[in-house]
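Trainee: Sequence:
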Amino acid sequence: MRAGGEASPGAVGGPKSYGSSWRPATSDLLSALTVLAGAALLFALVVMARAHGWFERLELLGHDLMVNAYASAQAVPDPGIVVVGITEADRRAYGGVPTDGVVATALEAILAGEPAAVGIDLFRGDMPVGPLGTCSDPAGFERLSGLLGTDPRLYMILDVDMFASTEAVRQSPLAPMLEGYPRLASAEMVSDEADRVLRRGLLTYVLDDELMLWSIGARVALATLERDGLQPLQTEDGTLVLGGHHMPPLGSNDGPYVDLDAAGYQRLLSWPARQLPVFAMGDVVEGRVDPEEFTGKTVLIGPMARSSKDYFTGVLFEGNEETTDRMLPKRSIYGVEVHAQLAAQMLLEARGQIPVLRTLASSSTLALLALAATGGMLAGALTRRPVTSMLVVTSGALAIPAAAWVAMGAGLWVSWVPHMVCWVLAAGLGFLSVAWRETRKREAISGLFRTYLPPAVADQLWAERDELVDGGRPVPRTLPATVLFSDIRGFTGITETLQPRDLFAWLERFHGRMTDLVAAHGGIVADFMGDGMMAVFGAPIPRTAPAEIEQDALAACRAALAIAQALPVLGKELQAQGLPIVRIRIGIHTGDVMAGAIGGRDRLQYALLGDTTNIAARLEQVKLPGLPGDDDHCRILISADTYRLVQGQFTAEPISLPEPLKGKTRPVDVLRLLGPTIGRGTS
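The sequence shown runs 8 to 690 under this note's numbering.
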């Protein structure tokens, strides 16, 4: 306002600033680029963390969970494997380690049933029983040696730690058996260094350049398949082919592993045979087992007593029961059972009864990680609808292991843990990113209407922002509203009596009281113009129903009367401090306004344009000698358009003007608002 309180010609009806500038919200393209950049960064971090092995323990646990889930839900065909275990009872009965004669008797009983192949997982070591030590049982040694040397269905492990080379093997007591050299096998196993759990099967063990041994499980499986006419083949790159099925070896960075020592021919175990038939050696020796139990079967013989210490931690959570003979904790598994699991896997895969277990290629793993990062960021970007967002994020997190489980059913191991971690972290980043942008946007929208927006209106404005805001700025629209203009009378004289600092504090105190009363009645302060103020009732949220328009007019009148009541109280407070009292004029008019934002890219101002704002301003500016109310703290003039909406609630007296309002060619009926009708208050 100019000194003296008169509005400058361009102020009324021009763009109105709500005091705070607003940077428009980030464009959709920039938001998309932000999401992609965040996804790319997270992807890079996860790949780096995985390359350093930070996820390996989690991935190994994920492998175990998946194997157990699949084993519990899927029934596989019988691989035709039988285990003969040397139990605690057998060790007590035979004085610890069964002699060659006892082993020979058990083999004779098993061979009588015509098995496909028999693997002997027994280390003789330096014990005084043959064939690798001093013979204390010559007759038993002869029987066992005769069986091993003549029956091609028998395969026996070689204690490779006792021999440094093939030549050393030739000089051993096993030399008479070298004619059956392919029937020697290795009992070596490989456990993971991270937790000492057996998850891999070692198909071959290389002693030196001349001697390569199959593991006992692989050896008996190959023998069984050869009997069935399925000869093993090997591709040029060394991949084993059984029954037309390629069985690629495990690479150093396959599956859950990072920089794995992949020496020999290793494969991930699928643990297909959850329960295998087990007979005690004593029962076999004593004839308590029908030889037909072994007919056509692949048989593995080995220790199954805790005192033998030939047990390991396996993948299956439901391991051996803690019984008298097999007192092992959960997840424990005897070595002979591990060999049996490897044999069962090879047999079932070669016969096409289960898919060949493969690991996902590194490139595919990276592609899925990138997809998880991007998808998680996009899922997090649905924060504006929290319930939908949580459903999408949770569903995605559950879908990843579910997809890995389905893939495993098809024979493909997918290391799902880093993908799920990537998805969840990306969703979290998406939440934070969008929440930050939404907070900034909400602050910007609220800032556009200053801090005087009533909470209920602010909440509704935010809830309907999609309809009210477009392209980062309020949508321009014509809407019915009631506009209130106020101005301090005699402001020029007051400015001459107060120092600038005191004048500012005086105005701030007055405007603070005014804006609180406007907000309390549902209006918003649209603009301050020095000592003047413009408030609007009915914006920025469109209110087009007749009852709503009437309520806005009523609210404006109530706010004006509340201001009129508050000014005397404020005046006394100011006088007590030696400051001048405040007397104001108010003009109110109801009609259509054009509401929207005007400004450049870096600064927007909310504006109310149109004849309605002009009329409200001119009503406030009316100056006539002897005009009723000029001596009051607050004179309130309203247009007839406003009075028609409030006349049932308020009383007013007509004011006769000698000429139309300034700048108007047609007359405007003017009334002085007196107060509520009898029995009605202003609030």
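If you're looking for bench data, these hints aren't it; they were derived computationally from the structure. One should not assume that every hint holds.
No farther apart than 20 Å at their CA atoms in a straight line, the calculated lysine to aspartate or glutamate pairs in the DMTMM-like style are these [claimed, not checked]:
id, residue 1, residue 2
1, K316, E174
2, K630, D676
3, K671, D648
4, K579, D639
Trainee: For every hint, state whether the structure bears it out.
Mentor: Tested hints:
Note on K316 and E174: the hinted pairing is violated, with a Cα-Cα distance of about 30 Å set against a maximum of 20 Å. For the proposed pair K630 and D676, the alpha carbon gap of about 15 Å is at most 20 Å, so the pair holds. Our distance criterion of 20 Å between C-alpha atoms is met by K671 and D648, whose separation comes to about 16 Å. With a CA separation close to 14 Å, the supplied pair K579 and D639 stays within the 20 Å bound.
Hint compliance for this structure: hint 1 alone is broken.
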